[in-house]
Amino acid sequence: MFRVLFTLGWSDGISFLPVSCALLASSKEKHRLVPLRTDLDRRTNGARRRREGIRKATDVLVEMVAEALASGIQAKHLLFDSWFAYPAIMRNLLAKGMHTLCMLKVTEKIFYRYQGEDLHLAAIYRKIRKRRGRAKILASVMVEIGKNDKGIPVPAKIVFVRDRRTKKWLALLSTDTSLGDEQIVMAYRRRWDIEVFFKMAKSFLNLAKECQGRSYDALVAHAAVVCCRYIMLALAKRTNKDPRTLGTLKRMRKLSCEIYGHGDGVSRKRKLLDKARSS
0 MFRVLFTLGW SDGISFLPVS CALLASSKEK HRLVPLRTDL DRRTNGARRR REGIRKATDV
60 LVEMVAEALA SGIQAKHLLF DSWFAYPAIM RNLLAKGMHT LCMLKVTEKI FYRYQGEDLH
120 LAAIYRKIRK RRGRAKILAS VMVEIGKNDK GIPVPAKIVF VRDRRTKKWL ALLSTDTSLG
180 DEQIVMAYRR RWDIEVFFKM AKSFLNLAKE CQGRSYDALV AHAAVVCCRY IMLALAKRTN
240 KDPRTLGTLK RMRKLSCEIY GHGDGVSRKR KLLDKARSS
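Using numbering that gives the first Met the number 0, the first residue of the sequence shown is number 0, and each one after it goes up by one.
Check the hints yourself; a few may be wrong.
[Stated by the list, open to error] Below, in silico cross-link-like pairs of lysine to any residue (SDA-like), each with a Cα-Cα straight-line distance of 20 angstroms or less: (1) K156 with M97; (2) K27 with D11; (3) K75 with I88; (4) K198 with D80; (5) K104 with I127; (6) K104 with T37; (7) K135 with W191; (8) K104 with D148; (9) K156 with H98; (10) K135 with W168; (11) K108 with I88; (12) K129 with M102; (13) K27 with K55; (14) K135 with R188; (15) K201 with P154; (16) K29 with R50; (17) K198 with L234; (18) K55 with S14; (19) K126 with L103; (20) K108 with D80; (21) K129 with I88; (22) K201 with L22.
Simulated from the structure, these hints should not be mistaken for lab results.
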């Protein structure tokens, strides 16, 4: 029926919330188990979902991000793996006001502008100077990923890091060039939150187990219910276990500790000085 559950999520580094999802199927009818229904009104959500399901994942990504921003969700960076690491996608997202931070593919088919030359990733790595020793971050370079609609080059930063599993290198790209090398690596770690979501959804929330059928509408509803379950669990965890949710109470306690600690420290210093003078 569908080949992938395409999910967009929001995270602040502590909690992860699924924001939107789409069930993507093959664009070729011969690869689909059930053909598209022709009796649906094209203006309904069901028809819109079906049209979305046979589109390219790259097109769906840009549309989902635009819808999330239009609904009021605020985010600084969009994190994704090498599946979507194409300069054209990054430029489209940047045109909508969203910086991207992603893992890059090591391929000779994608080129970046570096020092006046169009080079693929491995050629750039061979050309630059790497840090010696066992440095985790090997190097970083500024490149261009093409031009925007106004013909202005789009800058980006590539950070090469050491892969501790294979002792080779990996490359991260950020269109936000104000970030440092360490900030790019630390920010990309948050992408693992969506892997935890998928593991949780499949193992404990009965994703693809609770509902088995050939109705596309039923599968979409099932995916939405699973996402709602995860949101409620994330909210409960954030409320019950995260001390930062105490809000004003925590700030008042911190302020009282600072005031008490300051006065106590002064009295202790005076006692130590008096003791030293008497001795």
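Outcome of the hint check:
1. Distance hint between K156 and M97 is fulfilled; the C-alpha atoms sit about 15 angstroms from each other, no more than 20 angstroms.
2. Under the criterion of a C-alpha separation no larger than 20 angstroms, the hint pairing K27 with D11 is inconsistent with the structure, at around 38 angstroms.
3. Of the supplied pair hints, the one linking K75 and I88 holds, its CA atoms being roughly 17 angstroms apart against a limit of 20 angstroms.
4. As the CA atoms of K198 and D80 are separated by approximately 17 angstroms, the hinted pair is consistent with the 20 angstroms bound.
5. Restraint check for K104 and I127: satisfied, since their Cα atoms lie roughly 18 angstroms apart, inside the 20 angstroms limit.
6. Only pairs whose Cα atoms come within 20 angstroms are accepted, and K104 paired with T37 is rejected, the gap being roughly 39 angstroms.
7. Distance check on the hinted pair: K135 and W191 sit about 19 angstroms apart at the alpha-carbon level, within 20 angstroms; holds.
8. Straight-line distance between C-alpha atoms of K104 and D148 comes to about 25 angstroms, which puts the hinted pair past the 20 angstroms bound.
9. Among the hinted pairs, K156 with H98 is consistent with the structure: their alpha-carbon atoms are about 12 angstroms apart, no more than 20 angstroms.
10. Taken as a hint, the K135 and W168 pair is honoured in the structure, with Cα atoms around 10 angstroms apart against an allowance of 20 angstroms.
11. For the suggested pair K108 and I88, the alpha carbons sit about 15 angstroms apart, so the restraint of at most 20 angstroms is met.
12. Between the alpha carbons of K129 and M102 the distance comes to roughly 19 angstroms, so the proposed pair stays at or under 20 angstroms and holds.
13. Between K27 and K55 the alpha-carbon distance is near 11 angstroms, which keeps this suggested pair within the 20 angstroms criterion.
14. At roughly 14 angstroms between alpha-carbon atoms, K135 and R188 fall within 20 angstroms of each other, so this suggested pair holds.
15. For a cut-off of 20 angstroms, the pair hint linking K201 to P154 is broken: about 39 angstroms separates their Cα positions.
16. A threshold of 20 angstroms between alpha carbons decides the hint, and for K29 with R50 the separation of about 16 angstroms falls inside it, so the pair holds.
17. This hinted pair checks out: K198 and L234 have alpha carbons roughly 18 angstroms apart, not beyond 20 angstroms.
18. With a C-alpha separation of about 29 angstroms, the suggested pairing of K55 with S14 is violated against the 20 angstroms cut-off.
19. Distance check on the hinted pair: K126 and L103 sit about 17 angstroms apart at the alpha-carbon level, within 20 angstroms; holds.
20. About 17 angstroms separates the Cα atoms of K108 and D80, which keeps this hinted pair within 20 angstroms; it holds.
21. Distance restraint check for K129 and I88: the Cα-Cα separation of roughly 29 angstroms exceeds the 20 angstroms cut-off, and the hinted pair is therefore not satisfied.
22. For the hint pairing K201 with L22, the CA-to-CA distance comes to about 15 angstroms; that is within 20 angstroms, so the pair holds.
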